[in-house]
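Participant: Line by line, the protein sequences are chains A and B. Here the first sequence is numbered in my numbering, starting from 2 and rising by one per residue. Here the second sequence is numbered in my numbering, starting from 325 and rising by one per residue.
Since the hints were derived computationally from the structure, they do not count as laboratory data. Built from N, CA and C at the ideal position, the CB exists for glycine as well. Take the hints with a grain of salt, since some may be wrong.
Stated by the list, open to error - Some chain A residues near chain B, calculated using beta-carbon distances under 8 Å: (1) 21; (2) 22; (3) 313; (4) 315.
To be verified - Pairwise CB distance ranges (calculated): (5) A/24 x B/419: 51 to 57 Å; (6) A/314 x B/419: 46 to 52 Å; (7) A/314 x B/355: 33 to 39 Å; (8) B/487 x A/237: 24 to 30 Å; (9) A/56 x B/341: 51 to 57 Å; (10) A/56 x B/380: 42 to 48 Å.
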Amino acid sequence: MKMFDYVKPATLAEAVAAAAHPGAAYLAAGTNLLDLMKGGVSRPDRLVDVTHLPGLDRIEHLPDGGVRIGALVSNAGLAHDTDFAKAYPAVAEALLSGASAQLRNAATVGGNLLQRTRCAYFYDTASRCNKREAGSGCDAQGGESRLHAVLGWSANCIATHPSDFCVPLVALEAIVEIEGKNGRRELPLDEVYRLPGDTPERDHALEPGDLIVAVRLPPASRNFAAHARYLKIRERTSYAFAVVSAAAALQIENGRIAEARLALGGVAAKPWRARAAEQVLKGVAADAASFREAAQAALAEAKPSGDNAFKIELARRVIVRALSLAATGTPERIPALPASVFASNSGALHA
Amino acid sequence: MTHSISLTVNGARREIELNDPRVTLLDLLRERLQLTGTKKGCDRGQCGACTILVDGKRINSCLALAISHDGAEIVTIEGIARGDQLHPVQAAFIACDGFQCGFCTPGQIMSAIGLMCEGQAGADPERIREGMSGNLCRCGAYAGIVDAVLEAQASQTEANRRRSA
Chain A
2 MKMFDYVKPA TLAEAVAAAA HPGAAYLAAG TNLLDLMKGG VSRPDRLVDV
52 THLPGLDRIE HLPDGGVRIG ALVSNAGLAH DTDFAKAYPA VAEALLSGAS
102 AQLRNAATVG GNLLQRTRCA YFYDTASRCN KREAGSGCDA QGGESRLHAV
152 LGWSANCIAT HPSDFCVPLV ALEAIVEIEG KNGRRELPLD EVYRLPGDTP
202 ERDHALEPGD LIVAVRLPPA SRNFAAHARY LKIRERTSYA FAVVSAAAAL
252 QIENGRIAEA RLALGGVAAK PWRARAAEQV LKGVAADAAS FREAAQAALA
302 EAKPSGDNAF KIELARRVIV RALSLAATGT PERIPALPAS VFASNSGALH
352 A
Chain B
325 MTHSISLTVN GARREIELND PRVTLLDLLR ERLQLTGTKK GCDRGQCGAC
375 TILVDGKRIN SCLALAISHD GAEIVTIEGI ARGDQLHPVQ AAFIACDGFQ
425 CGFCTPGQIM SAIGLMCEGQ AGADPERIRE GMSGNLCRCG AYAGIVDAVL
475 EAQASQTEAN RRRSA
């Protein structure tokens, strides 16, 4: 690991000033950053430790019915907050389907939003990667590309965003509060992320020094609580990133869908809001035919970026299944195997 | 430049001078404090061998910078027995053959203690397996590990029942 200067600011303003320096990076739990630094993938000159900053570790239920989640709240702390999980069950299920219990105890909300891709060529410093080193090329294309993007990719980068948490957050129109050199501002989470285009080295719209301080979910997003699920296909049942995942949330009135929210994970460089599919679902019966039509609409623009055409059909099927599960209703308790396609069968052994 | 931090490790307060900010909690425990019970497996947060409790919660010590944990309370595998009396989770791992080579065992035991404190899994083997998925065992002692957690959970429930009776 490259040597760095360690800075521990006492206030937000000090943090922003210290991190605006070229080569500086914020340190929260470090569960992604330290891994990248050990591998020489990230080489910051300065770490600005924000873990001790006051006031960033609270879950606040707002008077308007929304919720404000401090950037230093842990994944586990948020998923196991009873009121939060009741109001936003798909978010809690997504959180519990990600990483391991140890990582969820450490990893923070802000860090989760900004985690880097898990593309193996990004991680392998002997490979060319436009995201790691602008203009160097992309060895993922023509390489092992089973798990790469099928939506929104460019000739420069076919990497995917790895987060589970951000998939329902994008579906539920989360707002990100950002402290920067010019004070506080807000961005919809969907607009925080950038597609690769010609500049895949930039994952997001944040500027040097910008610090995510909180994520808010609007009160209207509570209205999906009775019909909200996260479903995640993995290559092993636990402790694996998504091949394809979907967050599905419905408001059903008299058997018809009044409002639908749908987002996909594992398919693009950002959590992918499927607005066309949501339009298809508005006002129709909550049945398999509607769900299939929505799935077609969601993947209409998809194309393989390599050896991954299967992900397009897989994504359609994950959508249909996630919508069906959401229509059935949010379970009383998050299943023993969160977001899994395998039914939880207590006491059963897995082959 | 050196940085001073203070940690409580297995109940004892330690004042530590760090001459390098890159030291992880794992390396600090093993290399500076001679607490080598916590194991370095992958060193990348994937295997769980380095699991310890920090402020009561299980985390991967390989992905935690020591310098960032000034003031933390740390419990490692060396700190859970009372003298010669094994911690109930240690006893259960022995009773249930929850290990073979033993390398992952300190991490498994610390993770199991963390899991029981979290209180989400109860006596459901499926929830225990899911909750322990961050600890790999290349000998494949998983069946014994789940049995050990179930047994430890049962003895804890029984002890609590007796205490409240």
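Participant: Is the gap between the beta carbons of residue 56 of chain A and residue 341 of chain B within 51 to 57 Å?
Facilitator: violated (30 Å)
Participant: Take a look at whether the Cβ-Cβ distance between residue 314 of chain A and residue 419 of chain B falls inside 46 to 52 Å.
Facilitator: holds (49 Å)
Participant: Was the hint right that residue 21 of chain A lines chain B, CB cutoff 8 Å?
Facilitator: Violated - the Cβ of residue 21 of chain A stays beyond 8 Å from chain B, reaching only about 20 Å at its closest.
Participant: Confirm or reject the claim that residue 314 of chain A and residue 355 of chain B have a C-beta distance inside 33 to 39 Å.
Facilitator: violated (51 Å)
Participant: That 24 to 30 Å hint for residue 487 of chain B and residue 237 of chain A (C-beta), does it hold up?
Facilitator: 39 Å Cβ-Cβ, so the 24 to 30 Å window is violated.
Participant: Taking the CB of residue 24 of chain A and the CB of residue 419 of chain B, does the distance hold inside 51 to 57 Å?
Facilitator: The hint (51 to 57 Å, Cβ to Cβ) holds, given that residue 24 of chain A and residue 419 of chain B are roughly 53 Å apart.
Participant: Are residue 22 of chain A and chain B close enough, Cβ to Cβ, to be under 8 Å, as the hint says?
Facilitator: violated (16 Å)
Participant: Quick check on a hinted range of 42 to 48 Å for residue 56 of chain A and residue 380 of chain B, using CB atoms only.
Facilitator: violated (22 Å)
Participant: Checking hints one by one. Is residue 315 of chain A an interface residue toward chain B, by the C-beta closer than 8 Å rule?
Facilitator: violated (23 Å)
Participant: For the restraint on residue 313 of chain A, tell me whether the closest CB of chain B is nearer than 8 Å.
Facilitator: violated (29 Å)
Figure legend: structure checked against the earlier numbered hints; hints not met, in rising order: 1, 2, 3, 4, 7, 8, 9 and 10.
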